[in-house]
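S.K.: These are the residues of each chain, in order.
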Amino acid sequence: MSVLVLLEGADGHVKKSSFETAYYGSQVAAQLGTTAIGLVIGEINPADLPVMGRYGLKKVFYNNDSQLKDFVPGAYVSVTAKAAELTGATVIILPNSNTAAAIGSRLAVRLNASLASNVIALPEVTDTTFKVKQTVFSGKAFADVLLTNDRKIIAVKKNAVEVVEQEGAAEVEALMVDLENTDLIGKPKETIKATGKLPVAEADIVVSGGRGLRGPENWHLLENLADALGAATACSKPVADAGWRPHHEHVGQTGITISPNLYIAAGISGAIQHLAGVNSSKVIVVINKDPEAPFFKAADYGIVGDLFDVLPKLTEAAKALSQ
Amino acid sequence: MKILVCISNVPDTTTKIAFTSDNKALNTAGVQFVINPYDEYALTRALELKEANAGTLTVLHVGEADAEPTIRKALAIGADDAIRINAKPTDGFFVAQQIAHHAKSADYDLILMGKESVDYNGFQVHGMVAELLGITAITPAIKLEVTGHAANLEREIEGGKEVITAELPLIVSCQQPMCEPRIPNMRGIMTARTKPLQILEPVSADVKTQYESFSLPEKKVGVKMIDAANAEELIRLLRNEAKVI
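Protein chains in written order, with numbering that gives the first Met the number 0: chain A, 0 to 322; chain B, 0 to 244.
Bear in mind the hints are in silico, worked out from the structure with no lab data behind them. Quick caveat, the model's predicted, so the values are computed rather than measured. Heads up, some of the hints might be wrong.
BS3-like, lysine-lysine: derived pairs with alpha carbons at most 27 Å apart [said to hold, decoys possible]:
| id | chain 1 | residue 1 | chain 2 | residue 2 |
| --- | --- | --- | --- | --- |
| 1 | B | K223 | A | K318 |
| 2 | B | K219 | A | K288 |
| 3 | B | K242 | B | K219 |
| 4 | A | K130 | B | K87 |
Can you build the whole structure from these sequences, using the hints too?
M.R.: As structure tokens, then:
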């Protein structure tokens with residue numbers, strides 16, 4: 000018995016968001032009286048792997064097959080299934096990303112496991128039951144769900160646990176798998192990524208803009224504040240629909256749902272669909288010139304004012320803080 | 000080309016969610032149900048591909064009779080025929096088994112669906128159907144083009160996209176900006192009434208999860224307002240009071 004944690008890499012390193020997934024896995028392992036073991040697929044700097052001990056992993060398997068540098072759906076499922084078999088994993092923890100979730104759903108069938116997505120806290124475990132809390136209705140509500148099979152797969156959202164680093168290094172072991180040709184269908188020809196930009200879903204702080212910014216030419220106001228805070232930028236649906244910003248920055252019910260520590264919304268009125276995507280944020284700040292904007296009801300801090308004045312002031316104050 | 004589009008029947012995105020008094024189910028009083036918005040991308044893109052390549056387009060829904068207006072709407076938008084598998088969709092795996100059981104013998108070139116439903120947000124069914132049928136799923140796709148037997152796709156990843164070419168058959172889950180969803184026109188609505196809707200009984204299937212209860216997020220205690228003239232104060236509060244920067 001063990002808990003297997005799928006770690007994600009980007010640009011040759013284990014993603015910071017996977018540290019949290021690892022720690023979550025170690026806490027589930029503690030609940031079950033077993034150990035947590037990691038798996039990373041792709042070309043990852045080997046020096047990153049023992050460090051995963053700090054997040055509670057006893058061991059990390061790595062697969063650096065050169066064919067699997069990018070995500071290949073079938074192959075990643077086969078490698079993860081092999082790792083689950085080797086480790087006798089009864090619980091498999093994944094980050095709640097597009098890629099890991101695509102692995103999770105196929106793996107659940109292959110391993111005959113119960114699958115829970117969008118999980119926001121550690122499970123409640125008794126001798127006979129295993130219960131998780133997940134967001135449903137696109138972030139408008141929560142559900143407590145019993146996972147009734149012996150084997151469970153859990154896709155965990157950001158901020159589901161507060162990470163406490165510890166001493167220790169993880170043991171590292173190669174895990175190579177002979178792949179079938181069918182495993183390689185869907186291998187990307189090319190991966191296009193905005194370089195040097197923090198993806199919205201992974202950011203601790205998100206600064207987001209709506210139609211109140213009046214046009215893409217004003218986005219530097221948000222970007223300056225984001226830079227000063229070390230934040231990612233996001234946008235509302237009308238902004239993505241108008242093509243001011245790329246769709247992968249759209250947060251809301253039909254975009255990405257996020258749960259950062261701090262969400263700052265400027266010029267977004269707060270339609271119910273937008274709130275659904277962000278209301279798991281720990282702290283919400285709303286800046287709007289309309290004091291009646293519904294978003295203020297869901298906010299922790301608010302400023303009624305012209306964002307063209309307010310954003311530069313906040314940027315200066317944030318810069319002063321980091322100096 | 001033979002295309003299957005799987006659709007869910009979900010509360011409209013403007014719905015204020017509430018539960019029954021025992022918190023065991025959605026309170027559907029006054030709730031308007033619609034085609035899952037992500038499934039609309041799948042349906043519209045399927046129509047565009049059918050128009051460009053010739054073929055058939057079937058929609059499939061796993062659910063009870065109250066979903067029939069949603070199925071008729073899909074027919075009005077342009078699907079040729081529909082199948083309803085008459086069962087309460089209890090979890091993603093149950094639904095996936097129903098879809099796979101039907102698709103196994105039907106020889107579809109493409110099976111399209113939304114990346115997730117806006118009610119349970121599982122992001123599960125496409126991958127499960129893929130595994131059950133032994134077909135690759137590309138998920139979530141933001142672009143899908145078909146030339147002969149090859150599909151050119153783009154898949155959204157955190158902060159970017161992948162460019163993929165793969166042979167049919169494929170399962171593709173869809174999201175914006177794949178296409179501009181269509182609304183039914185009057186002629187579509189008229190013809191939808193007479194298009195075939197076949198009702199099939201479910202196959203027995205494993206259920207691996209059980210929804211025990213639902214709850215709503217706690218209301219915020221109240222917003223602390225800061226004067227715009229003194230906006231810098233916000234940064235100080237975020238550092239010293241909220242401790243998030």
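S.K.: Hints first: check each against the structure and report whether it holds.
M.R.: Now the hints, each set against the structure:
1. B/K223 / A/K318: The hint holds at about 23 Å.
2. B/K219 / A/K288: holds (21 Å)
3. B/K242 / B/K219: Answer holds: B/K242 to B/K219 is near 17 Å, not above 27 Å.
4. A/K130 / B/K87: This hinted pair holds, its Cα atoms lying about 22 Å apart.
Against the hints set out earlier in the document, no violation occurs for any number.
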